[in-house]
Amino acid sequence: MTAAPETALVAETVAEARPRRGKWPGRRPAGRRETWRRALRRDWQLYSLAVLPLLFFLVFRYLPMLGNVIAFRRFVPGGSVFGEAWVGLRYVEMFVKDPNFWSVFGNTVVLGALTLLFCFPLPIVLALMLNEVRSRYFKRFVQTVAYLPHFLSIVIVAGMVMQLVSVEGTVNQVTRLFGADAVPFIQAPDWFRTIYVSSEVWQTVGWGTILYLAALTTVDEQLYEAARIDGASRWRQTWHITLPGVRPTMVTLLILNTGTFMAVGFEKILLLQNPLTYPTGDVVSTYLYRVGLVSNNFSYAAAIGLFEALVGLVLILSANAISRRAVGTSLW
Amino acid sequence: MTPDLAEKAGELEKPLVRAAPRGLDDSPGYRVFRVVNTALLLGVVAVTLYPFLNIVAQSFSDEQAIRTGRVNLLPQGFDLKTYRFVMADPAFWNGYLNTVVYTVVATAIAMALTTVYAYVLSKRRLKGRGLLIGIAVFTMFFNGGLIPNYVLISSLGMKNTLWAVVLPNAISVFNLLVMKSFFENLPSELEEAAVVDGLSAYGVLLRIVLPLSKAVLATMVLFYAVANWNAWFGAFLYFDRADLFPVTVYLRNMIAGASGADAVGAGGSADVAQVSANIKAVTMVLTVLPVLVVYPFVQRFFVSGVMLGAVKQ
Chain X
1 MTAAPETALV AETVAEARPR RGKWPGRRPA GRRETWRRAL RRDWQLYSLA
51 VLPLLFFLVF RYLPMLGNVI AFRRFVPGGS VFGEAWVGLR YVEMFVKDPN
101 FWSVFGNTVV LGALTLLFCF PLPIVLALML NEVRSRYFKR FVQTVAYLPH
151 FLSIVIVAGM VMQLVSVEGT VNQVTRLFGA DAVPFIQAPD WFRTIYVSSE
201 VWQTVGWGTI LYLAALTTVD EQLYEAARID GASRWRQTWH ITLPGVRPTM
251 VTLLILNTGT FMAVGFEKIL LLQNPLTYPT GDVVSTYLYR VGLVSNNFSY
301 AAAIGLFEAL VGLVLILSAN AISRRAVGTS LW
Chain U
1 MTPDLAEKAG ELEKPLVRAA PRGLDDSPGY RVFRVVNTAL LLGVVAVTLY
51 PFLNIVAQSF SDEQAIRTGR VNLLPQGFDL KTYRFVMADP AFWNGYLNTV
101 VYTVVATAIA MALTTVYAYV LSKRRLKGRG LLIGIAVFTM FFNGGLIPNY
151 VLISSLGMKN TLWAVVLPNA ISVFNLLVMK SFFENLPSEL EEAAVVDGLS
201 AYGVLLRIVL PLSKAVLATM VLFYAVANWN AWFGAFLYFD RADLFPVTVY
251 LRNMIAGASG ADAVGAGGSA DVAQVSANIK AVTMVLTVLP VLVVYPFVQR
301 FFVSGVMLGA VKQ
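Sequence lines, in order, name chains X and U.
Following UniProt numbering, the residues of the first sequence are numbered contiguously, the last one being 332.
Following UniProt numbering, the residues of the second sequence are numbered contiguously, the last one being 313.
Among the clues, some could well be false.
Restricting the straight-line Cα-Cα distance to at most 35 Å, the calculated cross-link-like pairs of lysine-lysine (DSBU-like) are [what the hints assert, rightly or not]:
| no. | chain 1 | residue 1 | chain 2 | residue 2 |
| --- | --- | --- | --- | --- |
| 1 | U | Lys159 | X | Lys97 |
| 2 | U | Lys214 | U | Lys81 |
| 3 | X | Lys139 | U | Lys127 |
| 4 | X | Lys268 | X | Lys97 |
| 5 | X | Lys268 | U | Lys159 |
| 6 | X | Lys268 | X | Lys139 |
| 7 | U | Lys214 | U | Lys123 |
| 8 | X | Lys268 | U | Lys127 |
Distance ranges between label pairs, derived from CB positions [to be verified]:
| no. | chain 1 | residue 1 | chain 2 | residue 2 | range |
| --- | --- | --- | --- | --- | --- |
| 9 | X | Arg228 | U | Asp197 | 53 to 61 Å |
| 10 | U | Gly77 | X | Val59 | 29 to 37 Å |
| 11 | U | Asp197 | X | Phe138 | 47 to 55 Å |
| 12 | U | Asp240 | X | Glu221 | 57 to 65 Å |
| 13 | X | Ala226 | U | Glu192 | 37 to 45 Å |
| 14 | U | Thr161 | X | Val51 | 45 to 53 Å |
Hints are computed from structural coordinates only; laboratory data are not their basis.
Backbone N, C-alpha and C define an ideal beta-carbon position, used for all residues, glycine too.
Based on the provided sequences and hints, a complete structural model is requested.
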């Protein structure tokens, strides 16, 4: 799933989880801090409701994080989850020296950058266009259609893409119309990025507008009136009122998108790629899938995966820090 | 329902997007812009819908017409024999049934866990609440990764069992946050009154909060059900036996087989035979059909569900 509409909610919740000590106004007056014993006695039923969900997070989210130690230990299939013996940085060294790794790393960066370049701004443009529509029915119709691809299985999307770009598919019919030769797109490394990014845009752009449309409704109507009285054209109103109005949403989304930069659509790439398109279409996550699960090299693949996750974490932390300094909006 | 709540429920029904501010500035330039804008939006609609229409047209066409590139928007050589052929395949129905079972079980588990945790998180007075939120939110930014997850599921003995596809994604943090913010906006006086009348926390949740939260519960059921209906990777990864595959994995093996991709993966996807294009199209149409049928009716809920979390008063 693409993570588009999580923004404002996440930003607010992250802020909420931040410890409220010192300069943050606490809810309780100082000196009357509730003890755990009292809280437990009063709210034990609430805490008991949290037990199963916490168990879920512990087992299916935090245990795998710890499981990453197999990146530093030799894993024997059937042996301990945490591996059998320490091997230090052996597997880290392995991928640093692995030319395949650097090639897939490059592909990941290129695909991630292209995805960000197209999938981030286009929903804003579409939302602004929708915002200018006066007929409520037409607007609702466009929205209904635009959201639809979001609810499709990746498998269906991949299937549709393959049909469309097949030698006799619609895309090639159009190229023939213009006198060009048919291209076997799905086997062509040169076309993989185009195919991936355009299918990603097709699938996500409509759903991505939801948040911007929501943000647009919160822009103060009076600002537009004031601007009109001052003689501002529609363009100037959009530029000076609408866009600044949705800026917090844009920044939050940008930070979150940056965080998922490395995890470019693993499932879709896995479905769309084939050995012929590996030169441009193989990314870190698909490479580690093959190394780990197809060739059974678990520890090596775990080292690659850990590296990928850490890069993602560093990216989101730095994007957040930069945006807090530069524009004053941040997740935490 | 108190007037307060009626209003809240009414809010969900309200149009989600306000019409653009009506301008006094209907300059000729702006009129031109509006025509261009409408045309562009119609273009977006056409491009979005085309792949669907193309697949539907293919599903009713004969193989030869697809191979020679004659099928675009309208079926060529209309017939239903491919539908009959696919629907006569026991493997297809088996996959379909599996998908239904996985979707129902996974959605039920997910709803139970998400609801109770969201309820706990919505109690502002709860000590340790920030920590409980943090535990959930951190998993949005950092995760164990493919390999440790695979090793975990294997060593829990969940491979080739239902649990491998219904448990690992039981709580979506995004859905959790949407529900939490909905619960927070319920009037606390009602719950306080119920406590005074002697209801326990469980009682308040079951008898007061849940009946007032039908809108958000419906949205969440839909989110989870669609996600589970569409899921394929977990099953692909953890199931070795073809009789356990959901219809999405059945379809992926079909597509992968015909595209010449190496049929790797845990599944015994040995059927690398060429699958004819119209059979693929029919399978795709049938797989996506339930989502397409339900979509127009639930779209409003989906959208309000997301907005519930996205906009704060």
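Non-conforming hints, listed in increasing numerical order:
Violated hints (numbers, rising): 2, 3, 8, 10, 14; every other hint is consistent with the structure.
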